[in-house]
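A.B. asks: Taking my numbering, the leading residue of the sequence shown gets 0, the next gets one more, and so forth.
Hints are computed from structural coordinates only; laboratory data are not their basis. Quick caveat, the model's predicted, so the values are computed rather than measured. Any given hint could turn out to be false.
Beta-carbon label-pair distances, calculated as ranges [to be verified]:
#1 Gly102 - Thr71: 28 to 36 Å
#2 Ile80 - Ala45: 14 to 22 Å
#3 Pro73 - Ala30: 14 to 22 Å
#4 Ser56 - Gly32: 12 to 20 Å
#5 Cys41 - Gly70: 17 to 25 Å
#6 Lys101 - Thr62: 26 to 34 Å
#7 Lys101 - Gly70: 24 to 32 Å
#8 Ala45 - Thr71: 29 to 37 Å
#9 Gly102 - Ala69: 29 to 37 Å
#10 Gly102 - Pro73: 28 to 36 Å
#11 Gly102 - Glu58: 27 to 35 Å
Cβ atoms here follow ideal geometry from the backbone N, Cα and C, with glycine treated the same way.
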Amino acid sequence: MLKRIGLRAAVFATFAVAALAGGQAVADETAPGLLASQCMACHNPAVTTNPIPALGSYEQIRTMMLAFRAGTLPSTIMGRIAKGYTDAEIEALAAEIAAWKKGAAK
């Protein structure tokens, strides 16, 4: 089952990169926009019935991701996801999401 989920995630990521590239050279997979957009699959604020919490501020996202990665914040899936990110990627995606939220508030 995990192999199937991994394959689905890889296929989704490939299509997402292709869609975001818009016919241009494939985007860097660590680009902040692409990293942050992956969070929206579960943390989409447009889904009002979603039991998954909305994303917070830059500092909250950064702090929680680092804690998930370290295993000091209990989780079901986020600990496994956070282990795949470097400090720089966590900071970049937190900044990108915070910027999106500021833009949406206008």
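A.B. asks: Each of the hints needs a verdict: does it hold here or not?
C.D. replies: Quick rundown of the hints versus the structure:
1. Between glycine 102 and threonine 71 the CB atoms are about 31 Å apart, so this pair conforms to the stated range of 28 to 36 Å.
2. Between isoleucine 80 and alanine 45 the CB atoms are about 21 Å apart, so this pair conforms to the stated range of 14 to 22 Å.
3. Distance hint for proline 73 and alanine 30: a CB-CB separation of about 30 Å, inconsistent with the stated range 14 to 22 Å.
4. For serine 56 paired with glycine 32, a C-beta distance near 18 Å keeps the hint of 12 to 20 Å intact.
5. Take cysteine 41 and glycine 70: their Cβ atoms lie about 20 Å apart, and the range 17 to 25 Å holds.
6. Between lysine 101 and threonine 62, the C-beta spacing of about 19 Å breaks the proposed range 26 to 34 Å.
7. At about 31 Å, the CB distance of lysine 101 to glycine 70 agrees with the hint of 24 to 32 Å.
8. For the hinted restraint 29 to 37 Å between alanine 45 and threonine 71, the CB-CB distance of approximately 31 Å keeps it satisfied.
9. In this structure the supplied range 29 to 37 Å holds for glycine 102 paired with alanine 69, their Cβ-Cβ distance being about 30 Å.
10. Between glycine 102 and proline 73 the C-beta distance comes to about 32 Å, which sits within the given range of 28 to 36 Å.
11. Between glycine 102 and glutamate 58 the beta carbons are some 18 Å apart, a value that contradicts the proposed interval 27 to 35 Å.
Comparing the model with each numbered hint stated earlier shows that hints 3, 6, 11 do not hold.
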